[in-house]
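Undergrad: Take a look at the letters that make up each chain.
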Amino acid sequence: MIDHPQAAKIFNEDVERVNWHDKSLWVVRQKRDKVASEVKGWETLRSLASGIKAHTLSNLDEYLIQFENQAIKNGAKVHWAENAEEHNKIVFEILNEHNAKNVVKSKSMLTEECGLNHYLEKKGIDIVDTDLGERIVQLAKEPPSHIVMPAIHKKREEIDELFHQHLNTELSGGDEVYLTREARKHLRQKFLDADGAITGVNFAVAETGTIVVCTNEGNADMGVHSTKLHIACMGIEKIIPSQKHLGIFLRLLARSATGQPITSYSSHFRSPQKGNKFHIIIVDNGRSKHLGRPDFRSSLHCIRCGACMNTCPVYRRSGGHSYNATIPGPIGSIVSPGFDLNKYSSLPFASSLCGSCADICPVKIDIHDQLYKWRQVLTEKIHKNRFKSFVMFIAGFIFARPSTYRLSGKLANISLRFLPKSIIDNLIKGWTRERMLPEVPQSSFEGWYKKNRKT
Amino acid sequence: MTVGLFIPCYVNQFYPEVAIASLELLEKQGLKVEYPINQTCCGQPMANSGFENFAKKTYELFVKNFYHYDYIVSPSGSCVYHVKEHFDIVDQTDEVTHVRSGIYEISEFLVKILKKENFNSYFPHRVGLHQSCHGLRGLNLGKPSEIIGEEYSVTKKLLNNVKGIEIVLLEREDECCGFGGTFAVAEEAVSVKMGIDRINDHINQNVEVITATDMSCLMHLEGIIRKRNLPIKVKHLVEIINNTM
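First to last, the protein sequences are chains P and A.
Plus 19 on top of the position in the first sequence (first one is 1) and you've got the working numbering.
Plus 35 on top of the position in the second sequence (first one is 1) and you've got the working numbering.
Extracted from the complex, chain A is given alone in its bound form:
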């Protein structure tokens, strides 16, 4: 099984450790993993701003980079959701449909495709799970609190198997962090307020580390945390899962 690793543009630039953890974690499972060097972006920044026509060429390049892999895996629920949900403005060739059906957010890939939940991870901290919306509601990585039904969560399954970890219940289990791409700048006041409230929910439960399936949420929260010198850190879920004793 050959896996193409898709690393979102801002993770590549700002958070290489998240990409390295993703790569290592997949490699440890005996998979052949490649990072196609010509990859750029999923096109979401343009499309969510209302300019999906400017993103067409980016979509085509994405498909060109990834169609020959059995699976495409990424440490971003948001980008994966975008490829699955919004690549319908380009011709639906076999390559395009293969990419759209074969792309997975990494925690879902581990649990549903590799069928593994325990990675001998070790992380002795109080952790709050921020459920990134596109992974939660877009990819159904868990049951959103609005939906009435049986509880399930791919991400919680993974975290529950981490040794030494203390998962903390939040007052609002899946409230949005307020990032939302260009929303963060266009609606600065509300975006920042949402971020502050999200962080405070964690701080009130004495959380040491906020984790999530999307670094974009964490980048926004970390930006506020560092600006205000708040006593809390952020870490992507793969960094926790890839951390062993």
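Isolated chain P, as found in the complex:
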């Protein structure tokens, strides 16, 4: 398995592509800055949202039960799934019960996390992602590379080719109007043929038992209204206490995500239409375990806006796929190790710790700090790199002993000045392949100080 540095290196072989990817996301970041700055009290909204999430997570058991009771009263059927397998099984059983074979699904990172598509396909169900970006990556048999813009890594010309291959479109040279119209035709037919709809959940309001789904394409609504069966899948952390809190999150979500004041559709689903069925599946899949990690629990505040990805200088220059995780980027790097420490061990190190992610996060997750803390956990629990561990031990040893430190300083100075360049380069090639070492001065500051100040 290749780790983040290796995948990022491959991504960086195509400089033009890196520049394009970086710029595409930077434009989104700029839009967010503009639209956020137009809101009076933006920083207050962030603090409120963070506080509401912290409060909710601390009282999650009660709010979940309240939500369940309300949802049942509204006529929904509520299911609980402890893990991905249970979730997938429940979805299949419901579909099976209704003899649903053609299913349309709006964006849901949870179902990605659970591998639902793959599971249902094996059971012979035609499951179609109806968000345009998601549909693109589904046709390409790739995972999303971004949680809000799943196909942001694909150029128009590539989508042109893909549609030509799968949807029998004419090659248009990447004409976005043509391609969007064709995608619309294709998806409309899928909606008409569908006998079941799955949606994600952005917010679940405990007070009312309502779920709220935010989309720009209206595809969640199209699915729900064109079939008699709606299955909504949510993680336990999607709960907010009451309707009055929703406004805070809706004001933050789309502005942070894409720089829009609000998503085109913010749909509230409460009760099924007469004769229709409405199921809600509440999934844990490691979340309560994560809630028990004091240093990391606030990562469950996440409202999946993707702003940390757009602002992250590493994400922009390595691409979402380099993280090899359901959720890429900074937030993915602090969530994924909770699922599998070994598999995701390179992710907390895929950051310069610049802190931009934490400052942009609408729910104030201290992402850079959690990256730092995961690093401590990783080196303690996984002794993968003995050499690095040895080097750090030696560094700690030297820095704790002034005379040893002085001696090593002198040795380093002499070695760098007088050893052949080839030997030095070989020792520290990770630095010197693309960078020169600083020119070594005649004397260190300490030497200068002793001569010029200290008597």
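What the hints contain is simulated information worked out from the structure, not anything from laboratory work.
Any given hint could turn out to be false.
Calculated lysine to aspartate or glutamate pairs in the DMTMM-like style (CA-CA distance at most 20 Å, straight line) [said to hold, decoys possible]:
hint	chain 1	residue 1	chain 2	residue 2
1	P	469	A	186
2	P	470	A	59
3	P	53	A	186
4	P	473	A	62
5	A	262	P	385
6	P	392	A	123
7	A	92	P	399
8	A	119	P	314
9	P	473	A	52
10	A	262	P	453
11	A	119	P	399
12	P	42	A	186
13	P	59	A	123
14	P	473	A	59
15	P	470	A	123
Chain A: place on chain P using the hints.
TA: Structure of chain A alone, referenced to chain P:
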């Protein structure tokens, strides 16, 4: 007021001129400044690599070297941030808390503690300010571009008072340079690309000198600049502020 000067290990070895400028600048303000000779490192290299337990003794030595000063001042926002933010794995004795609350990055010390912004500095060049992340977002030396609110910047205040200087607006005002300690080596490809992009932003604005509050950012950028023979130089902020006509 007695000030202990903390010079990061790599500045001591590679950039003595930055340390000298810091010392001179503080001395010119009539302060008693000392460089404790037994100082080594703030421990960040180990801690950021995930080995903070190996850094405990380094933290203790740091405190031993500096606790008896009224203030501790350093020309590195990153090291100062590390002491303030991450020294919580050692016992929080009075000495430790004094060091953590009394340590300042030098430009913040000049503006907020000494309350001085003009040092009769002279630097007749086109300069781009690279906002080192730990100083900017960690120590709040300025308003990061992500935060919505009133503009402020300690470093810009200082630079704006330099005679002859031309401060250039960058396309991305506070993008990271890509150094990040061991990140620079572990994630070589991305780190170098970030550095190149940062340099190009400056070159595109015809900047002559890139300045910053952290020499580590500049060491990384200078390494790329010299490797590629690019027409641009780097200088630490204190070198500019300490430069008079």
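Undergrad: If a hint holds in the structure, say so; if it doesn't, say that too.
TA: Tested hints:
no., hint, in the structure
1, 469/P / 186/A, "42 Å, violated"
2, 470/P / 59/A, "15 Å, holds"
3, 53/P / 186/A, "15 Å, holds"
4, 473/P / 62/A, "14 Å, holds"
5, 262/A / 385/P, "36 Å, violated"
6, 392/P / 123/A, "12 Å, holds"
7, 92/A / 399/P, "18 Å, holds"
8, 119/A / 314/P, "18 Å, holds"
9, 473/P / 52/A, "17 Å, holds"
10, 262/A / 453/P, "7 Å, holds"
11, 119/A / 399/P, "23 Å, violated"
12, 42/P / 186/A, "25 Å, violated"
13, 59/P / 123/A, "36 Å, violated"
14, 473/P / 59/A, "14 Å, holds"
15, 470/P / 123/A, "36 Å, violated"
Checked against the numbered hints listed earlier, the structure breaks hints 1, 5, 11, 12, 13, 15; every other hint is satisfied.
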